[in-house]
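Q: Letter by letter, the chains look like this.
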Amino acid sequence: MGNLITALQSSAAAMQAFEQALETVGNDVSNSSTTDYAAQSVSLEALPFQPGQGLPGGVTVGAIQSSRDEFAERNVRQQVSLLGTEEATSQGLSSIQTNFTVSSDGGVAGALNQLFSDFSSWSVSPTSTAAQQTVIDDAGQVAEQFQEMYGSLSQNLTNTGQAIQQSVSQINSYASQLATDNQQIQNGDTDDAGLDASIHSTLESLSELTNITARQESNGTWTVLADGQTPLVMGTQTDQLSVSFSTPATAPATVAGGTPPARIIDSEGNDVTYQMSQGELSGQLQVYNTVLPSLIGNAYQQGGLNVLAQGVADTVNNILESGNISDGPPAVPGIALFTYNAGAPTAVASTLGVNPAATAGQLAAIEPGPPEVSNGIALQLAALANPTTPTGQINGYSFAGYYGSLASQIGEQASDAQNQLTVQQQTVAQARSLRSQISGVSLNEEAAKLIQFQNAYQATAQTVNILDTLTQDTINMLPTTS
Amino acid sequence: MARNTAPDGGSDSDRVPAQPFDHMASVQQLQGMVRDARALLTDPTVANLNDCRSRLEETVQALRQLQTSLTSGNFRRAATLRAPLGTLRAEIARLSILLDSAAAFHAGWVQLAASMVAGYTAKGTPGQPEPSRSVWLEV
Numbered sequence: 001m002g003n004l005i006t007a008l009q010s011s012a013a014a015m016q017a018f019e020q021a022l023e024t025v026g027n028d029v030s031n032s033s034t035t036d037y038a039a040q041s042v043s044l045e046a047l048p049f050q051p052g053q054g055l056p057g058g059v060t061v062g063a064i065q066s067s068r069d070e071f072a073e074r075n076v077r078q079q080v081s082l083l084g085t086e087e088a089t090s091q092g093l094s095s096i097q098t099n100f101t102v103s104s105d106g107g108v109a110g111a112l113n114q115l116f117s118d119f120s121s122w123s124v125s126p127t128s129t130a131a132q133q134t135v136i137d138d139a140g141q142v143a144e145q146f147q148e149m150y151g152s153l154s155q156n157l158t159n160t161g162q163a164i165q166q167s168v169s170q171i172n173s174y175a176s177q178l179a180t181d182n183q184q185i186q187n188g189d190t191d192d193a194g195l196d197a198s199i200h201s202t203l204e205s206l207s208e209l210t211n212i213t214a215r216q217e218s219n220g221t222w223t224v225l226a227d228g229q230t231p232l233v234m235g236t237q238t239d240q241l242s243v244s245f246s247t248p249a250t251a252p253a254t255v256a257g258g259t260p261p262a263r264i265i266d267s268e269g270n271d272v273t274y275q276m277s278q279g280e281l282s283g284q285l286q287v288y289n290t291v292l293p294s295l296i297g298n299a300y301q302q303g304g305l306n307v308l309a310q311g312v313a314d315t316v317n318n319i320l321e322s323g324n325i326s327d328g329p330p331a332v333p334g335i336a337l338f339t340y341n342a343g344a345p346t347a348v349a350s351t352l353g354v355n356p357a358a359t360a361g362q363l364a365a366i367e368p369g370p371p372e373v374s375n376g377i378a379l380q381l382a383a384l385a386n387p388t389t390p391t392g393q394i395n396g397y398s399f400a401g402y403y404g405s406l407a408s409q410i411g412e413q414a415s416d417a418q419n420q421l422t423v424q425q426q427t428v429a430q431a432r433s434l435r436s437q438i439s440g441v442s443l444n445e446e447a448a449k450l451i452q453f454q455n456a457y458q459a460t461a462q463t464v465n466i467l468d469t470l471t472q473d474t475i476n477m478l479p480t481t482s
Numbered sequence: 483m484a485r486n487t488a489p490d491g492g493s494d495s496d497r498v499p500a501q502p503f504d505h506m507a508s509v510q511q512l513q514g515m516v517r518d519a520r521a522l523l524t525d526p527t528v529a530n531l532n533d534c535r536s537r538l539e540e541t542v543q544a545l546r547q548l549q550t551s552l553t554s555g556n557f558r559r560a561a562t563l564r565a566p567l568g569t570l571r572a573e574i575a576r577l578s579i580l581l582d583s584a585a586a587f588h589a590g591w592v593q594l595a596a597s598m599v600a601g602y603t604a605k606g607t608p609g610q611p612e613p614s615r616s617v618w619l620e621v
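Heads up: the sequence lines are chains W and X, in that order.
Quick note on our numbering: the first sequence kicks off at 1 and runs consecutively.
Quick note on our numbering: the second sequence kicks off at 483 and runs consecutively.
Think of the hints as simulated: they come from the structure by calculation, not from any bench.
Glycine included, C-beta positions come from ideal geometry on N, C-alpha and C.
Please note: incorrect hints may appear among the correct ones.
Unchecked claim - Keeping only pairs whose Cα atoms sit at most 20 angstroms apart, straight-line, the calculated DMTMM-like set for lysine to aspartate or glutamate is:
no., chain 1, residue 1, chain 2, residue 2
1, W, K449, X, E540
2, W, K449, W, D137
3, W, K449, X, D525
As the list claims (entries may be wrong) - FRET-style restraints, in silico, Cβ to Cβ:
no., chain 1, residue 1, chain 2, residue 2, range
4, W, Y274, X, R517, 35 to 43 angstroms
5, X, A521, W, A249, 48 to 56 angstroms
6, X, A521, W, A197, 26 to 34 angstroms
7, W, P390, X, E540, 26 to 34 angstroms
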C-alpha cells in the first residue's frame with residue numbers, strides 16, 4: 001500500500017506540473033467553466049528556448065494531442081502484453097495442474113500409499129507368498145503411475161513447444177504486415193485513417209504476443225522493437241525471429257539426456273530469449289523453460305518427479321538388498337524391486353519398472369542383524385510411509401509428502417496466475433476505457449478535469465489505505481485456532 | 483398485575499429477539515462491496531472514482547461494525563473468519579492495483595506533457611514550465 005501512496009503523491013505532483021504547463025500556454029483553467037468562455041487557441045511556439053538548460057523550445061498543440069493519443073495507445077499495448085503473459089501462464093499451469101491427483105487413493109500418491117500399506121501387511125506375514133505377490137503387483141502400479149504422469153507432462157511440454165513456434169510465426173506475420181503498411185506510407189498514403197487504424201490494430205495484436213516498443217518516424221512509418229532492443233520492423237524491412245530448441249554454447253547441459261530449453265533467436269543469430277519478458281510468448285517460455293522442467297527435468301535439472309521416482313526406487317531397493325531371503329547357511333541376499341534407466345536422470349520416472357527377476361519368493365524380509373529379525377526388512381519398508389530419519393525423505397518430506405509439495409507448488413502458482421489474470425483483464429479494460437475517455441476531448445477540458453482526478457485519486461487511495469489497515473487489524477484480533 | 487413495558491412502550495411479548503450477528507455473511511458482504519468498488523475502476527472517470535471512494539467509506543464503516551461485534555462475540559467461532567478476511571485483503575489489493583494503474587496513466591501523461599512544454603532538465607526529469615506573463619502598457 002505504501003507504493004500506491006507514493007505513486008499517487010508523484011501523480012499529484014505531476015498533475016500540478018501539467019496544470020502549470022497548460023497555463024504557460026495561456027490556457028486558463030479557471031475560465032473553462034465560465035459561461036460563454038471562448039476556448040483559446042493554444043500555442044506552444046512562444047515558449048522560451050534555452051538550449052543551455054536543455055529546453056528545446058515549444059511545440060504545437062497538435063503534437064501534444066497526438067502524443068496524448070499515442071501515450072494512451074501505448075498504455076493499452078503495455079497492458080495487453082501483460083495480459084498475454086498472464087493468459088499463457090495461467091493456461092499452461094491449469095493444464096499441468098490437471099495431471100496431479102492429490103487424493104490418497106489415486107495417481108502417484110495413491111499408488112505409493114497402497115505400496116506402503118502392502119509392506120505393512122507383509123511385515124505381519126513375512127513368509128506369505130500372497131503378501132509378497134501383492135507387493136510386486138502394487139510396485140508395478142507405482143511404476144505405471146509415474147510413467148503415466150511423466151507421459152502427460154511430456155505431452156504438455158510438446159504442446160507448449162508448438163505454441164511457442166506458433167507465437168513466433170505469428171509475430172513474424174504481424175511484422176511483415178507492418179512492413180507492408182510502411183511501404184504504403186512511403187508511397188504517400190500518410191493520411192489514410194483506415195491504414196492508421198489497421199496499423200494500431202496490428203500493433204495491439206503483436207503486443208499480446210510479446211512486449212514491443214512502437215515509434216512513428218518523421219516520414220510516418222513505424223519502427224517496432226521487441227523489448228525496445230531487437231528490431232522487428234524498420235521501414236519496409238522485417239527482422240524475423242525463430243525458435244531453437246537447443247542448449248546455448250555459453251550454458252552447456254549439466255544433466256545428461258535432458259530436454260534442451262526453447263530459445264528465441266533474432267535474424268542475426270543472437271539469443272534474445274531474455275528480451276521476451278511479456279506477452280503470450282513470455283508466458284509460454286516460462287512454462288516450457290521453468291515450470292515443466294521443475295517437474296520432469298531438462299538439460300539443467302532432474303525435475304521433481306524424477307527425483308521422487310529415483311528416491312522411492314533407490315530407497316526400497318537398498319533396504320531390500322540389505323536383507324536376506326533366507327538365513328541359510330549360506331544366507332541368500334535380497335534383490336532389487338525396481339529398475340530404471342540410471343544413465344538418464346531425467347528419464348527415471350518414464351523408465352521406472354518392476355525388476356523382471358523379482359518373484360514372490362525373492363523379496364527379502366529378514367534383517368540380518370545381529371540380532372536377526374525375521375520381518376525387519378518388511379518393517380523398515382512399512383516405516384517409509386512416515387519416515388522419522390533422512391532415509392525415506394526428500395527435502396525433509398516423506399515420499400507422499402514430497403509429491404504433495406510438488407502438487408501444492410503447481411496449485412499455488414496456478415491460483416496466483418488465475419488471480420493475476422483476473423486483475424489484468426480489468427486493467428486492460430481500464431486502459432481501453434482511459435483511451436476512449438481522452439479520445440476527442442480537448443486539452444482545455446482535460447486540464448480542468450485533472451485537478452479533480454488528482455483529488456479523487458488521493459482521497460480514494462487514503463480510503464483504501466484505511467480499509468486495508470482496518471482489515472489487517474481485524475485479522476490480528478482473531479484467535480489463531482478455531 | 484400490570485405487565486412490564488419496554489421503554490418504547492411496546493410490551494415484552496412484542497419484542498423480536500435480536501438476531502445473532504452473522505460474521506461470515508458480514509465478511510462476504512464486505513467482499514462484495516469491495517468487488518463492486520473495484521468494478522468502477524475499470525472505467526476511472528472522476529465520477530466513478532468518487533463513487534468508488536464513497537463505497538469504500540461504507541465498507542470501512544461496515545468493517546468497524548464487524549470489529550465491534552467481534553469484541554463482544556464468541557472468539558472461538560471468529561477464528562473461522564481468518565480465511566475470508568484474507569480474501570477481503572486480496573480484493574483490496576486487486577483494487578489497489580487498478581487504482582495504481584489508473585493513477586500511473588494520468589501521471590505518465592502529465593509528465594510527458596510537461597516535458598513537451600518545458601523540455602527536460604540536465605537530470606533527465608521534465609522541466610518546470612514557467613507561468614505565462616503579460617505586460618500591460620497604459621498610456
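Q: List, from low to high, the hint numbers that the structure doesn't satisfy.
A: Violated hints: 1, 2 and 7; rest satisfied.
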